Amino acid sequence: METLTAAAAFAAMALVVPHVLLGLVNKTKAAVGGRRGPPVLQTLYDVRKLLGKGAVYSTTTTWMFRLGPVVGLAATLAAATLVPLGAVPLVAFEGDAILFAYLFALARFVTVTAALDTGSSFEGMGSSREVAFSSLAEPALILTFASLAHQAGSLSLGGMFSPPTGVHSAASTVLAVGSLFIVLLAENSRLPVDDPNTHLELTMVHEVMVLDHGGPDLAFILHGAALKLTLMAVLLVRLVMPVVPGLGAWGTAALGLCGAAVAIGLVESTMARLRLVHVPQLLVASVCAAAFGLLLNLR
Amino acid sequence: MNLLAVRELALPWALPGASFHVGLDPLSACFLALVLLVCGCAGLYGEGYIAASHGHVPARPARFFFLVLSVALCFVVTARNALLFLAAWETMALAAFGLVSSEHGKPEVRRAGLLYLLCTHTGTLFLLVLFALLGRHAGSLEFSDFAAAAYSPAQRTGLVLLGLAGFGMKAGVLPLHIWLQEAHPAAPSHASAAMSGVVIEMGIYGLLRLLGFVGPLPVPLSLSLVALGLATALFGILFALAQRDFKRLLAYSSVENIGIVVAALGLGCYGASTARAPLAVLGFTAAVFHALNHGLFKPLLFLAAGAVYQATGSRDLDAAGGLQARMPWTGAFMAVGAAAICGLPPLNGFVGEWLIYSWLLRPGWGQDLRLTAPTASLLALVGALTVVALTKFYGLVCLGQPRSAGARDAKDPAGVMLVPMGVLAACCAAVGLFPAPVLAAAVAAGADIARVPLAAVAPQAEEWARLLGVVGLLGAGLWALGGALWAVRAALLRGRAVLPGPTWGCGFGAPSARMQYSGSSYSQPTERVFAGLLATETDFHPATGYWPLKASYSSRTADPALDRWLPALADRFSDWLSVPRRIQHGRLQSYMFYVSACLVALLLWKL
Chain A
1 METLTAAAAF AAMALVVPHV LLGLVNKTKA AVGGRRGPPV LQTLYDVRKL
51 LGKGAVYSTT TTWMFRLGPV VGLAATLAAA TLVPLGAVPL VAFEGDAILF
101 AYLFALARFV TVTAALDTGS SFEGMGSSRE VAFSSLAEPA LILTFASLAH
151 QAGSLSLGGM FSPPTGVHSA ASTVLAVGSL FIVLLAENSR LPVDDPNTHL
201 ELTMVHEVMV LDHGGPDLAF ILHGAALKLT LMAVLLVRLV MPVVPGLGAW
251 GTAALGLCGA AVAIGLVEST MARLRLVHVP QLLVASVCAA AFGLLLNLR
Chain B
1 MNLLAVRELA LPWALPGASF HVGLDPLSAC FLALVLLVCG CAGLYGEGYI
51 AASHGHVPAR PARFFFLVLS VALCFVVTAR NALLFLAAWE TMALAAFGLV
101 SSEHGKPEVR RAGLLYLLCT HTGTLFLLVL FALLGRHAGS LEFSDFAAAA
151 YSPAQRTGLV LLGLAGFGMK AGVLPLHIWL QEAHPAAPSH ASAAMSGVVI
201 EMGIYGLLRL LGFVGPLPVP LSLSLVALGL ATALFGILFA LAQRDFKRLL
251 AYSSVENIGI VVAALGLGCY GASTARAPLA VLGFTAAVFH ALNHGLFKPL
301 LFLAAGAVYQ ATGSRDLDAA GGLQARMPWT GAFMAVGAAA ICGLPPLNGF
351 VGEWLIYSWL LRPGWGQDLR LTAPTASLLA LVGALTVVAL TKFYGLVCLG
401 QPRSAGARDA KDPAGVMLVP MGVLAACCAA VGLFPAPVLA AAVAAGADIA
451 RVPLAAVAPQ AEEWARLLGV VGLLGAGLWA LGGALWAVRA ALLRGRAVLP
501 GPTWGCGFGA PSARMQYSGS SYSQPTERVF AGLLATETDF HPATGYWPLK
551 ASYSSRTADP ALDRWLPALA DRFSDWLSVP RRIQHGRLQS YMFYVSACLV
601 ALLLWKL
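Line by line, the protein sequences are chains A and B. With the numbering used here applied, the first sequence corresponds to residues 1 to 299, in that order. With the numbering used here applied, the second sequence corresponds to residues 1 to 607, in that order.
Just so you know, the hints here were simulated from the structure itself, not pulled from any lab data. Warning: the hint list may mix true and false statements.
Stated by the list, open to error - Quick list of simulated restraints, FRET-style, between CB atoms:
1. Gln42/A x Phe508/B: 26 to 36 Å
2. Val16/A x Phe508/B: 36 to 46 Å
3. Gly364/B x Leu266/A: 31 to 41 Å
4. Gly422/B x Leu266/A: 47 to 57 Å
Said to hold, decoys possible - Which residues of chain A face chain B? A partial, calculated answer using Cβ under 10 Å:
5. Pro69
6. Ala291
7. Asn297
None of the values given here were measured: they were computed from a predicted structure. Backbone N, C-alpha and C fix where the C-beta goes; we use that ideal spot for every residue, glycine too.
Work out the full structure, taking the sequences as your base and the hints as a guide.
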């Protein structure tokens, strides 16, 4: 029975939840902007529509270009098996946090190589920014993991991100949450690092890398991106939200994800995109936050 | 038959203090297996490379030196007597010099060869002193006696510092790496592969062997080793991503990997210093594992780079491009090597990284957060920068459109060059999926170095094997998932319109290959963040006036150790030496007087 529940939860998290989360982010942005906004499941409809299409491939590209979306989604799905949504993750072992971080690196590697395969300067530009920013986000993520693993006494995501028993206000947790939130925004190309809505190639990071993808490939990419955002949001939620009495683990997770979506939506509605040269400063700030959190752990 | 059992062969040798004593223990076995695999692959590839070089690489000397190098390497890892070791070490160094200088018609090759020769002999000088001291202390030149002797903490520090100078020169530890980025591009590619995959790893082997002799180090020295390793890794990868010559890029990436190995080795030393057997063994195991990994993917990348160099006639990243379509096999193997060196699952690089991160982040062994957290975050930075450097390498060389006529007409090399690359790529994938056998060998070697009986860490070793088994399984799952999604994609596209078209040019209709992103522009955002460390010199003439005729921009990132620190040091040194130089003036009579005076003095002293 438990296995069945876990499998059902995994399927839901892997297939539907990411789009609901994105839908809520978009609804929040629309509400703040005084608009009605697209339906909550709009991105899911987009993915379904794309899955039904054919494709156009640039004559410059090779199999690397076709491999990118497939491996990117496979890596993100594999990372999803390690993340505890309600109660326990599908797969857990001591050290899975490292695998989690490296699976995202794999997804980034294939996305970047697929983008470079087109020979387009725009996509080269996007890749170059993507790898530059993630080279600063990675230390922040690992530092946060170090701090959490030390607190939890375990290097498994399930243990490190176990829900707090009460409302947690320990400064180290606050700093870890802050650092993770910045990493979440940067890694998922949200504002203030990258604007997911912009249509000007020169200003984009993630979107510009997938300019040449279409059809099922683009569907894989969009779904993978939504899933990645969800996974990191789940971790963040588990770090801050105690189990709400009466809601249970699942209800708490759902409520927390809604909260995360609103938070992301509010950030996106109230902030402008940073100038590119200032993004590294933001990421270094997130490393510093993680480092301070760690210092508090040293007591 | 237990493959890890110790086997020895000792024959008398007429030299005083020497014996022809070879043996095979787990540490030797790990590195011997690597030597045989890499030299076998590189040698086979070399045949094709020499044949395809149209006389640029002289066949007979290259073959001779390569075989001598291979045999010498086998003796370096199995020697059990200091004199035999030094003889093998020196033979290895000289054979490698012969290989580096293969194309000695070119001045830059001669310069690189000479630099290598100077460096390796400086290193050997330190090793002579090291083994002389060890021999005096132990009373013989046998390795078993070195290991049996007891050393005071001061002696340990002194010996390891000497070893670090001698072996570190070979391995390429900061700031002794100066020969690597010059010699690797100069050597024919099969020689670069052997040098990067095994010759520089001999420095690591020597250090590990030495640590096995002297026992636990003082804590500050262990921590300094970690810091030195991290500094080397960060330096190596930063300079790798600033390079334009792709073999230089790979050489700097070797410096980075050696740095990671040294950091892991320092972590092992720290575990031994603080008498925590599991930490000591895990650190050394991770060092051996990562060294073996590097011995698989770096030769693979050098072999692929050599094939590209031969096919396109240039080592310039900005002259390559589009080779994935023109050299499909070489490109595919290069992609595997690049992903493996970035430590991405499900390949072998990830397993080594996982072991190091487990040491650092896994609670319960009493690690100090003040050591582990900065180390882990620096390693994460290095890992992420590796992705920048290697996507630059693979992306610029293989993807996009060809940027030169040479790249446009490139073709895959002959099968004799492709098969060795395939073997190494398959090894990278296999170790990623089934890490257990390599882990068992590395743990046995790690326990030997830490001087801990294997049984004492058996529970931990079993646990690591079990966890890595899960990692391997998940890796297999990742392959399967990727395959399934590929099938889904193929099924979806079946029967639908799949059309060719141009790359989206933002509305511009006539893009050319020269408009692609260049290597320098690709790494610019990253280099900008670390500009203070790189100290790149730029030469910028902007377009001025209303009708600008010409504008230019060029940048060069010089190696600080070779181009700045070493000349300054050498100047200082030659100033000092000007004093004793007064007695060296070229008058033969005076020299003969010195000799006879010396002899008389010696006679008087001994009478």
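Supplied contact hint for asparagine 297/A, tested at 10 Å Cβ to chain B: Check passed: Cβ of asparagine 297/A comes within 6 Å of chain B, closer than 10 Å.
Distance restraint evaluation - valine 16/A, phenylalanine 508/B, Cβ atoms, bounds 36 to 46 Å: Holds: the Cβ-Cβ distance is about 40 Å, inside 36 to 46 Å.
Chain B contact restraint on proline 69/A - CB to CB distance below 10 Å: holds, 8 Å
Interface hint outcome for alanine 291/A [beta carbon to chain B under 10 Å]: Status holds, d = 8 Å.
Phenylalanine 508/B and glutamine 42/A - C-beta distance against the hinted 26 to 36 Å: holds, 32 Å
CB-CB spacing for leucine 266/A and glycine 364/B relative to the 31 to 41 Å hint: holds, 40 Å
Assessment of proposed distance window 47 to 57 Å (beta carbons of glycine 422/B, leucine 266/A): With a Cβ separation near 53 Å, glycine 422/B and leucine 266/A satisfy 47 to 57 Å, so the hint holds.
Every hint from the earlier list agrees with this structure, and none is contradicted.
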